[in-house]
Amino acid sequence: MNHWIFELRLLARDRGARLVLIGWIALLSYAGYGGWNAVQVLRVDQARFVEAAAHERSAERERMAAVEAGSAPADAYVGFPSILRSPVLLPVPALAALDLGLLDRANLTLRVSLFNGPQQSAKGRELQSPLLLSTGRFDLGFVAIVLLPLALLALLFAQPGDDRGDGRLPLLAAQTPLSALYLRRHVVRMLALLLSLAAISAATALAAGGVAALTGWLLWIAPMLGWAMLWSGACALLGSRTSSSATALAWLVTLWVALLWLLPAALDTLASRLAPSPTALSLLGAERAAAQEGQRRRDELFDVYVSDHPELSVETAQDALAWTRRYYVQQRFIAEAMAPPRAAAESRQAAHRQLRGQLLWLSPAQALTAASERTAGVDLASVSRFMTAADAHKQAWDDALFRPLLAGRTLGTAELDRLPRFVAPPTVAAASTALMLFVQLSMLALLLWLAARWRVLAARN
Amino acid sequence: MRTSFALQVAQEAAHTLRLWCRDGRLLALLVLVCAWFAAAGLIGVDAARSWQSEAEQAAELDHATWIGQGAGNPHSVAHFGQYAFKPAAPLQWLDPGVTDALGIGVWMEAHYQNPATLRPIESQDGEVLPRSAAALLQWGLPLLLVVAGASLWAGERESGRLRLQWVQGARPAGLLLGKAMMLLGLAALLWLPLALAAWIFDASRGAWLALVYGLYACIWVLTTLAVSMFSQSSRGALAGLLGLWLLATVIAPRLVANAADQIAPLASPEAFWASIRTGQASGIDGHSSADVRRAELLQRTLTEYGVKREEDLPISFAGIAMQAGEEHANTVYDVNYGQLWQQLENQDRWRLRLAVLSPLPALDQLSQWAAGSDWRHHRHFADAAELHRRELQRFLNGDLTRHGKEHGSAYQAGPELWAAAPRWSYQTPVANEMAFPSAALAVLTAWLAVVGAVLIAGLRRAQREASP
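Residue numbers (the numbering used here), protein chains in the order written: chain R, 1 to 461; chain F, 1 to 468.
Next comes chain R alone, as it looks inside the complex (with noise of 0.2 Å):
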């Protein structure tokens, strides 16, 4: 009988494997439907934002029209520029129903206007479930990185401590060689795993982003073979080395604890003693300040803002809306304030990341994490580039906008219609990181299958 048929047959006449099969099918499964029906519900409370926007542009447009036309009186508020807003969204990138990474705490649909950037605009919207925040998602990511390892773990313990344990192993030592026989066996029950994997993960890549979404999976893959490699070469390893499949699975649970746990937090512990990243706190005191001062010395910046740019029209009469003007003034203020503040803390936060990134090079399941959340883009460098645009966007708003609102007019349909719309940064590929980790990982698994000790196993009985 050919030898992998042979394999399969034994796997599935294994009833503790086949527990764990449909377990572990099972798992993925609600994994799959919980990451769509997420990215689902982000869609449509983005789809009811734009629509939302979209009806406040046309309600204004219309009022704007009207005044154009003549069959509406003139009114100051109508197309006054610091009351138009313009809506900000990240799309959320299909590959989030693999791993919602940071989409669920991330503001993700912002509106900037002459007052408010994108930070200030997500004022209000820390409502998501504490609950769900603070345990995390059960996504195909979470299903891969944390429990794909013990699936296997679970299939592949007692290789080949129960053939000893049965004395068996002689047996088999005879007819053919351990090192062959046992990689078949890792690889029919790895594949077990992973064909399921890469079909239920595929298929929600496809229902969430069609087939464009499958060279983005691919990517999303790839890292995960590798770490099924290492934990079969770890198994492999231990179960060659150990006396019993029980002292196997024992120190198997404990390697699993250690990389899954330990070494993230011993990792994560290091990089905030030495590169401390600043507080949510830090910057409040700064800002609060600036905006008190600003507050105070309103007439006097708004004075000082008009003398150094004759360049403008200024208006400075006192009509009803002349408070607007000043405190236009008075945002710039503190937003220059705030900038050396802001630069310091990016900059730490930079020093912080940086450092952690390489770190994360030692800890193979953080690295996976952050692959895994690069590829579905949602991961923090994502979410910045998205900020970043959104800064962008709102200091074109901006040199669009503070012309007309400094001299006091009002904005008609054809200038409304000529104001900037934000586009979204492209996700970045995240090709190389994806294929150097699944290069490192299968090379690591190479080693620790090259260390265990087949032939000394076959030798001894």
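Bear in mind the hints are in silico, worked out from the structure with no lab data behind them. Where a beta carbon is used, it is the ideal one built from N, C-alpha and C, also for glycine. Please note that a few of the clues may not be correct.
[What the hints assert, rightly or not] Reference listing, derived: stretches of chain F covered by chain R, where coverage requires no fewer than 3 residues with Cβ under 8 Å from a Cβ of chain R:
#1 63-70
#2 74-85
#3 242-255
Go by the hints and put chain F onto chain R.
Same frame as chain R, now just chain F:
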């Protein structure tokens, strides 16, 4: 007879200890878990202290900023507002609960009841798995018990020692009690430092924590022994117990939280604020002169002061309108935030219903309650901040009403008004002030009862095996 039973228990305990001392894996795991628990505790204490000191410094700075305002219109100042900073929870170092997912500070400004902002979780890189001292106890303690206890009964049946014991007249209950005592002793290596440290930080909360983690340890001691008694081999017992451990501590908590969120989802921030805007639009907002309710309020005020025109009022109607707008908005916020808290309550209820998969969701609720790091404690803080915001708005609008008549919107109050404004202060409630999660305790107790019943069934089986 009693002496011989006690002696048998002691002998069994000593035998178990000898077995463990010989097992290098167990000693390695014990050292690893204990060291990591101590490290997690120390890191937690450091983080909680930093949180507390930053919150205190920020509060001082914010108060100084508030007091240091020059002359200003009370309504502009109301928009500038104050910040309320949440102090560290009493036992946050042990169990940070959901504190990182909720904000540190509430901006208390005019017109808006803001949720707490500055969530630490927003700037955190993804954690693979939770790693607080409490999380370590929740998964590390059972893992230790499972590895130490899996072969205690099954292994001895395998080696034939049990049969020898029955022949010598040993009683299964004595053997079981001896092994259980040793497993409990092992659990106490982690539980005692926890209880002691928690008691030092906060006696009443510490006592509750010790109780719930004690119950949790008992559940795992009984589970370990029950599975070992029913297993044919120590390998089978270890595999089965590790499977249970994996299901109960790694898979179930996340599965349950996700399922609860799918069954009882929270309204999205977009929908939440849309509902508030709708509620506010239907009534007075303090800024809109066209509002019908504003006209009604003006009419009532004119009647109250016995005058015909707004100009004849001895006070500023703008101040009255502002306050009326605040009060209307308050009713809208009460409804919407009330629904939000109710939705969180529903999620908690679903988590408990799904706790048939694992005792951990129930333990989690109890542990966070005792540590003061659950969302109910956060709600206590947020409600206190909102009460303060309303008081502050009433104070500022009152001043505007009394003194804003003459200068209209150009009215400027001085620093003495800011100094006289109510000052924010907050004391974390003691454990007894917060509703006790009795349903979670009932679930945990039910788990203990069920596992205890399984163990008794195992003991009866062993007694049948032991009878000649």
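Hints, verified against the model:
Counting residues of the stretch 63-70 of chain F whose beta carbon lies closer than 8 Å to any beta carbon of chain R gives 4, which meets the minimum of three for the stated coverage. Counting residues of the stretch 74-85 of chain F whose C-beta lies closer than 8 Å to any C-beta of chain R gives 4; at least three are required, and the coverage claim holds. For a cut-off of 8 Å, the count of residues in the stretch 242-255 of chain F with a CB near a CB of chain R stands at 8, and the three-residue condition holds.
Every hint from the earlier list agrees with this structure, and none is contradicted.
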